[in-house]
Amino acid sequence: MSELEQRDTQLPPEVEIRPTVTREADQARDLGRTTIADLVVAKIAGRATREVSGVHEIVTQGVGSAISGLAQRVTGGERSAQGVNVDVGEHEAAVDLRIVVDYGASIPQVADAIRRNVSSRVRAMTGLTVKEVNIDVVDLFTAEETVTSQPAVAPQRRVE
Amino acid sequence: MNAAPDAPDEAADPLRADIAIARAAVSATRAAPGVERLATSVLGGAATYGRGEVVRGVTVRHERGAVHLEVHVTMRIADAHDLRAAAEPVRASVRHAVEQLTARPVGRVDIAIDDVVFESEGA
Chain A
1 MSELEQRDTQ LPPEVEIRPT VTREADQARD LGRTTIADLV VAKIAGRATR
51 EVSGVHEIVT QGVGSAISGL AQRVTGGERS AQGVNVDVGE HEAAVDLRIV
101 VDYGASIPQV ADAIRRNVSS RVRAMTGLTV KEVNIDVVDL FTAEETVTSQ
151 PAVAPQRRVE
Chain B
1 MNAAPDAPDE AADPLRADIA IARAAVSATR AAPGVERLAT SVLGGAATYG
51 RGEVVRGVTV RHERGAVHLE VHVTMRIADA HDLRAAAEPV RASVRHAVEQ
101 LTARPVGRVD IAIDDVVFES EGA
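Line order of the protein sequences matches chains A and B. Residue numbers are given in my numbering: position 5 of the first sequence equals residue 5, and the series is strictly consecutive. Residue numbers are given in my numbering: position 77 of the second sequence equals residue 77, and the series is strictly consecutive.
Extracted from the complex, chain A is given alone in its bound form (with noise of 0.2 angstroms):
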C-alpha cells in the first residue's frame, strides 16, 4: 500500500500524460468514423495480384493459416482473401503472398508488377500505405502439367 503510494508520488513531474489523438477522430470530428476490415485489405490485394500477367494463383498458406482461413469461412469471410495474409496497423499495411508463377514469365518483373499494382490499389481504395509486400513464390505452372496432373482416366482402380 505505502509503497504504491510512494511510487505515485514519485512520478517525475516532467511526464506528461496525454490523450492519445486518433487518426479517426482527427479526420472526422465527431461524425464518426470508418474501419476497414483486414479481410477488406486482403481481398483488394488478393485481386491486385491475380490481375498481373503472369501470376498463375495465389495459394492457400500453411497450417496455420489454412486454420484462420477455416475460421474465415466459418465467419463469412471469401475465397478471393484467401492465401493472402495482411497485417494493417493505423496508416500502414503489410502483404503476404504465395504464388504460382506461370512457367516463362520472368519472376522479378512479374513481382515488380505485383508490389506495384498492390500497393497502388490498397492505397487508393484504403488510404493505407503498402510498407512490404512479401511474395513467395512456391511453384512454376506450365501446361503440361495439367496433362500429367488431371488424367482422364480415372485413377481409382488400385486394386480390384
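Think of the hints as simulated: they come from the structure by calculation, not from any bench. Computed from a prediction, not measured in an experiment: that's the story for all the values here. Idealized CB from N, CA, C, for every residue including glycine. You can take every hint at face value.
Calculated pairs, SDA-like style, for lysine to any residue (alpha carbon to alpha carbon, straight line, at most 20 angstroms):
| hint | chain 1 | residue 1 | chain 2 | residue 2 |
| --- | --- | --- | --- | --- |
| 1 | A | 131 | A | 98 |
| 2 | A | 131 | B | 82 |
| 3 | A | 131 | B | 80 |
| 4 | A | 131 | A | 121 |
| 5 | A | 131 | A | 96 |
| 6 | A | 131 | A | 92 |
A short, non-exhaustive set of chain A residues, derived as facing chain B with CB atoms under 8 angstroms:
| hint | residue |
| --- | --- |
| 7 | 30 |
| 8 | 33 |
| 9 | 34 |
| 10 | 35 |
| 11 | 36 |
| 12 | 37 |
| 13 | 39 |
| 14 | 40 |
| 15 | 43 |
| 16 | 47 |
| 17 | 121 |
| 18 | 124 |
| 19 | 125 |
| 20 | 126 |
| 21 | 127 |
Following the hints, position chain B against chain A.
Positioned in the frame of chain A, the structure of chain B alone reads:
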C-alpha cells in the same frame, strides 16, 4: 410523466427505442449508394437486441445524451475507388434517417467496412 419532456418514449421503453433506431439505420444503409448489404455475422456480430427481436449489423449506444451508431456493411465498389469516400453517403444517410426518427441530433455514426464485393464480380 411530464418530468421527461425531451424523451418520453425512450424513458418509457429504451429497448423499443433502440430497436426502432436500429431498424431506421438498417433501411437507410440499404438505401445508400454503394452498399451491397449489411454485414451481419450470426456468431456474435454487432447487433441491437430488443424484446424478442434482433437487428443485426447495427449497434446503438447512448453517450452524453446523444445517440451513437455503428453500422457494419459490405460495400460494392469498383476497382481503385476510395472506400472511405464511399462510406460517407452511408454515414449521411443513416444520420439523416435516425435524426428524422428521433428528432434529435445524432452523435457519431461509425461505419465499419467488414467486406467488399467488386463491381466486376457477379452478385
